[in-house]
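Enquirer: Following the hints, put chain B with the ligands in place on chain A, whose structure we already have.
Top line first, the protein sequences correspond to chains A and B.
Numbered per the UniProt record's numbering, the first sequence spans residues 1 to 381.
Numbered per the UniProt record's numbering, the second sequence spans residues 1 to 199.
Worth flagging that the hints you see were computed from the coordinates, not collected in a lab.
Heads up, a few of these hints could be off.
The calculated lysine-lysine pairs, modelled on DSS-like cross-linking and capped at a C-alpha distance of 30 Å, are [unchecked claim]:
| # | chain 1 | residue 1 | chain 2 | residue 2 |
| --- | --- | --- | --- | --- |
| 1 | A | Lys93 | A | Lys367 |
| 2 | A | Lys90 | B | Lys23 |
| 3 | A | Lys254 | B | Lys117 |
| 4 | B | Lys23 | A | Lys93 |
| 5 | A | Lys170 | B | Lys162 |
| 6 | B | Lys89 | B | Lys191 |
| 7 | A | Lys173 | B | Lys117 |
Have a look at the derived ranges for each label pair, beta carbon to beta carbon [what the hints assert, rightly or not]:
| # | chain 1 | residue 1 | chain 2 | residue 2 | range |
| --- | --- | --- | --- | --- | --- |
| 8 | A | Lys125 | B | Tyr100 | 53 to 63 Å |
| 9 | B | Leu54 | A | Lys170 | 35 to 45 Å |
| 10 | A | Ala33 | B | Arg196 | 48 to 58 Å |
| 11 | B | Gly21 | A | Gly276 | 53 to 63 Å |
| 12 | A | Ser365 | B | Asp39 | 55 to 65 Å |
| 13 | B | Gly21 | A | Asp336 | 50 to 60 Å |
Residues from chain B shown here face chain A by an in silico Cβ test under 8 Å; the list is partial [what the hints assert, rightly or not]:
| # | residue |
| --- | --- |
| 14 | Leu111 |
| 15 | Pro113 |
| 16 | Leu160 |
Using N, Cα and C, we set each Cβ at its ideal position, and we do this for glycine too.
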Amino acid sequence: MYLESLHLKNFRNYDALDVTFNQGVNVLLGENAQGKTNLLEAIYVLALTRSHRTANDRDLINWQADAALISGRVHKQNTTTPLELTFSKKGKKARVNHLEQARLSAYIGNLNVILFAPEDLELVKGSPSVRRHFIDQEFGQMSPKYLYNAGQYRTILRQRNNYLRQLQRKQAKDLVYLGVLSDQLAAFGAELVAARINFLAQLEQWAKDVHQVISQEREELAFSYVNQVKATAETTVDEIYQSYQEQFERQQHKEIEQGTTLIGPHRDDLHFLVNGKNVQTFGSQGQQRTTALSVKLAEIDLMKAITGEYPVLLLDDVLSELDDARQTHLLRSIQDKVQTFLTTTSLSGIARKLINDPTVFDITSGKLAPESSANESDAAE
Amino acid sequence: MDYPEPIAQLIESYMKLPGIGAKTATRLAFYTIDMDGDDVTGFAKSLISAKRDLHFCSICGNITEDDPCVICADKTRDQSTILVVEEPKDIMSMESMREYHGLYHVLHGVLSPIEGKGPEDINITSLVKRLQEHDEVKEVIVATNATPEGEATAMYLSRLIKPAGIKVTRLAHGLSVGSDIDYADEVTLLKAVEGRTEI
Ligand SMILES: Nc1ncnc2c1ncn2[C@@H]1O[C@H](COP(=O)(O)OP(=O)(O)OP(=O)(O)O)[C@@H](O)[C@H]1O
Ligand SMILES: [Mg+2]
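Just chain A, same shape as in the assembly:
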C-alpha cells in the first residue's frame, strides 16, 4: 500500500498543506525545528489515530487553532480509500470513505505504518517493559485475537494484584477466589506467551536477514524470549497453562507475602543477541542501533506476511546515525519495496546517489517546496 496524498489543516506547525507523494522514496529535507518530524507524525496519526510522541491529542492542534484535520488517500490493490481524522476540543472523529466510524478498531488497519525514530533505540537499551510494550503494540496491530487476550490479561492482572494486596493486609481471606483469578491469569497468560513465541519466531527470521544485509554479513542477530515457564516453539498452550498453574500453587505464600503477582508474561523479556552476545550489555552504539533498526524493518515483512500488504515506512533521522556502509545497505534493502518517508537535515552524497528517483521536499516553517536539485543530480549521471 502507499499514501497517494496528504492534506493537513492546523496540524502542529502546518496551517495548510496539500501534497502528492512518490510511491518510492520521499525525502523530507530541512533544518532543525521546521516540521519534518511533525509531517511523519501526521502520517503516523492518520494510520493509528494517536501520536507516537504525545498521549495528549490537543498537542497536535496548532496553537493558534481549535481544531486540526488530517486526511489522505491510501492506495492498495487498485483501489483508493480516503481517510480523514479531525481533532477538536470535543475529541476525535475518524472517517473512512467519508463515513464516520463508531469504533476506532474499524478505522485502524486501513493504513499500516512502521515508524523508526531515534527513541526506538530504547527497544534495545531500555527496560524490559519497553520491549513488552513493543510486542503487545505491534502484534496487537496485526492480530485482533492478540489484542483481545492482552486486554483481558491486563484487567485480570489488576484485579489479582489488588486481591493479593488485600490478602497480604488480611482484609480478605478467600483462597478459592484467588485460585479462580490464578486460573484466569494462567489461561490468558498461556495464550499470550504462545502467540508471542510464534510471532517472534517469524519476526526473528526477517530481522536476521535484514541485520545480515545492513552489517554486511558480519553480524548474526538472534532473539531469545525469556519467560518463567521455559516455553519454546514446541510447547503447547495447554502445557504453558499447566506450568503457570503449578507455579501459582508453589509461589502462593510468596505472592501473598509480597501482595503482587510474581508469575506471568508481564514479567517476561526479549533478549537480542548479536553473534551470540546480548547486545544490550555487550553491543556497541552502532550495533545497538542496527539491531533496533533490523527489528523494525523486519516488521515490514511480518506485516506483509500477516496482512498481505506492505506497510508505509517512516524513518525519522535514521541516516545521520549510521555509517556510510550501513546507510547504503539500509537504502538498498528498502528501495522499490515499500513507500518510504525519511527525514534528514542534509542529504549525503551516498544517499543521494543511491536512492532511485526520490522526491525531495524542502521543509521550512511548516511549508513544503519540491526541491529541484534531486532531478539535476539524476540528470548528471
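Expert: Only chain B with the ligands this time, still in chain A's reference frame:
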C-alpha cells in the same frame, strides 16, 4: 457569585447520580426550576416511593413490593433451576423472553477487588444457603456478563456449588441472532468460532 442555597443543594443531589458531573447537574437543576409544579411534586414522590415501597426479595434479591417476590412466590415455576444474574434489570430481560420458567438469584454485582467487591460483598452467601435448604435445585445457570469479572464470578460459583453435586452451566456467547457476520466485531466472531456446535 454562589448559587442560592436550594439550587446549590439540588445540583449536589443530581451529582450523586451515576455519570452526572457538575455541568450536567447544573443544567438539570435549572431545568427543574422551570418545570411545572405538579411535575416536580410527582417526580419527588416517585423518588421517595421507589425507595420506601421497594425492597429486596429476601430469597432471590430481586427488587419487589412484596416479600417474597412474585417469582419466588409462584409455586408453578420450575423449582429445580436457578438462573444467577448480576442485576435486577437482567431478570426483566430474561422474563421478557418468556421461555425461562425457573427461579432467579440476583448477585447485585460481580467479584471485583478493585471496586472493593470480594465474595462476601455480593449476594453469594444467600445463594449457597438457598441451595443447602432446597435440595430440589438440580441446576444453576450462571448468566453473568462476558467480562473478565463476570467470568471470574461464574468460575467462583462453579467451584463452590459443583462439589455439592449440582449442575452448573454458563450461557453461551456468540453471534446475535439475525446479525450479519460483516458487522460482528472480531472478538464476538472469535468467541462464536470457539463455541461452535456440531450439527
Ligand atoms: N501544536 C503546535 N502548534 C504549532 N507549532 C508546533 C506545535 N507543536 C510543535 N510545534 C512546532 O513545530 C516545530 C517543528 O517540529 P519538528 O519536530 O517537526 O521539527 P523537525 O523538523 O523534525 O526538527 P529536527 O531536525 O530538530 O528534528 C517546533 O519548533 C515546534 O515549536
Ligand atoms: Mg525531528
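Enquirer: Hint by hint, say whether it matches the structure.
Expert: Results for each hint:
1. In summary, the hint linking Lys93(A) to Lys367(A) is supported, as the alpha carbons are separated by about 26 Å, within the 30 Å threshold.
2. With a CA separation close to 15 Å, the supplied pair Lys90(A) and Lys23(B) stays within the 30 Å bound.
3. With a C-alpha separation of about 24 Å, the suggested pairing of Lys254(A) with Lys117(B) holds against the 30 Å cut-off.
4. The straight-line distance between the Cα atoms of Lys23(B) and Lys93(A) is roughly 23 Å, inside the 30 Å bound, and the hint therefore holds.
5. Taken as a hint, the Lys170(A) and Lys162(B) pair is honoured in the structure, with Cα atoms around 28 Å apart against an allowance of 30 Å.
6. The straight-line distance between the Cα atoms of Lys89(B) and Lys191(B) is roughly 25 Å, inside the 30 Å bound, and the hint therefore holds.
7. With a CA separation close to 13 Å, the supplied pair Lys173(A) and Lys117(B) stays within the 30 Å bound.
8. For Lys125(A) paired with Tyr100(B), a C-beta distance near 59 Å keeps the hint of 53 to 63 Å intact.
9. Distance hint check for Leu54(B) and Lys170(A): the Cβ-Cβ separation is about 37 Å, which falls inside the suggested range of 35 to 45 Å.
10. Between Ala33(A) and Arg196(B) the Cβ separation comes to about 57 Å, which falls inside the hinted range of 48 to 58 Å.
11. Evaluation of the 53 to 63 Å hint for Gly21(B) and Gly276(A) yields a pass: the beta carbon distance comes to about 58 Å.
12. At about 60 Å, the beta-carbon gap between Ser365(A) and Asp39(B) stays in the expected band of 55 to 65 Å.
13. For Gly21(B) paired with Asp336(A), a C-beta distance near 55 Å keeps the hint of 50 to 60 Å intact.
14. Contact between Leu111(B) and chain A, as hinted, is supported at the beta carbon level, the nearest pair being about 7 Å apart and thus within 8 Å.
15. Given the 8 Å rule on beta carbons, the hint for Pro113(B) holds: about 4 Å separates it from the nearest Cβ of chain A.
16. The beta carbon of Leu160(B) comes within 7 Å of a beta carbon in chain A, closer than 8 Å, and the hint placing it at the interface holds.
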